[in-house]
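Peer 1: One-letter residues, chain by chain:
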Amino acid sequence: MEDLIRQHLEQGRTREAFDLLVESFQGRIYRLALAIVGNRALAEDAAQEALLRIWKGLAGFRGGSTLSTWIYSITRNASLTTLAASRARAASSMEDPAVLAAAERHSRVDAPARAGFDVGALVGQLRPQYSQVLRLYYMQERSYEEVARMLDLPMGTVKTLLHRAKLELAAQLTGAWVKKV
Amino acid sequence: MSTACSEFENLLAGYDALEASQRARVDAHVAQCAACGALAQALSDLGTALSAEYGGVCAPASLADRLGRRLSRDSLPKPSPVPEILDMVAWSALVCAGGLVVRFVAPSVTAFTAPMLYATAGALTLGGLAVALWALRENEA
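Just so you know, the sequences run in chain order A and B. Numbering-wise, our numbering puts 177 at position 177 of the first sequence, and it's gapless, one number per residue. Numbering-wise, our numbering puts 1009 at position 9 of the second sequence, and it's gapless, one number per residue.
The set of hints was computed from the structure by calculation and includes no laboratory data. Each residue gets a CB set at the ideal place from its N, CA and C atoms; glycine is no exception. Watch out, some of these pointers could steer you wrong.
Unchecked claim - Which residues of chain B face chain A? A few of them, derived with a C-beta cut under 8 Å, are:
1. Glu1007
2. Asn1010
3. Leu1018
4. Ala1038
5. Leu1046
6. Ala1049
7. Ala1059
8. Ala1061
9. Ser1062
10. Ala1064
11. Arg1066
12. Arg1070
Please work from the sequences and hints to get the whole structure.
Peer 2: Encoded structure:
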């Protein structure tokens, strides 16, 4: 698919290249954004922003990196920008209880509790590096390689972060202290 | 609750990716260690919950809809310059008409003669048309 997109670009058919790119990558772009920002509404905003940035830069893409690397890099930046803007908005309206309650509701990826614990809420309490890797690993069909590519991390780092995240969550579930590596 | 054996923590956390021989060793240990058994159960419950929570997440249809709307809005054609050109022609006509009125009502106030006014009106109209043609070409580009 990347080859076809490149062919379109080389022949100046930017719109065709973009349509193909959206068809092929929008799922991964959305999942990467969701892994970083942690809730669906913000993830949609971040994914849209990423796709717009990709559209604006696509005609000038020269292939210094692979297309997917470029796309993931833009998505990570757009997601972090969206997250920072959201936090700034939340901070500026901290005194409003209605806003706080809404933020609490939207800070979780999914609402329904399962089997006695709300895993989305637990993941939301982890440090960002842990929660991002954990969400993406399960969204990307448990592929270490894909998570490493999308977050631009070495595979060993992905494994380490994932194991620590799981152990931290398991410690919360069992109530036991589990040694942090 | 007791602490899981540190040697087996990481192996349990990465159980899915273990080779068969390692799995067998971990299974044998878990079968006789209550703390590691509890950790293995918690990790298994977590894996099930995490798969249910995050597995199969797709981009919402509204993303493509919003993107399509945004792109079509960003690539709308430039506004037509025709209204501005018509404005210019109308103002030219008004200026010329005003000049003619002054010329006939109070000939001593203005040094303009009728031919000068006609020439001015013609020049303004031709100028307006030239600007119109230039603007239309720019708009197409």
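Peer 1: Which of the numbered hints are not met once you compare them with the structure shown?
Peer 2: 1, 3 and 8
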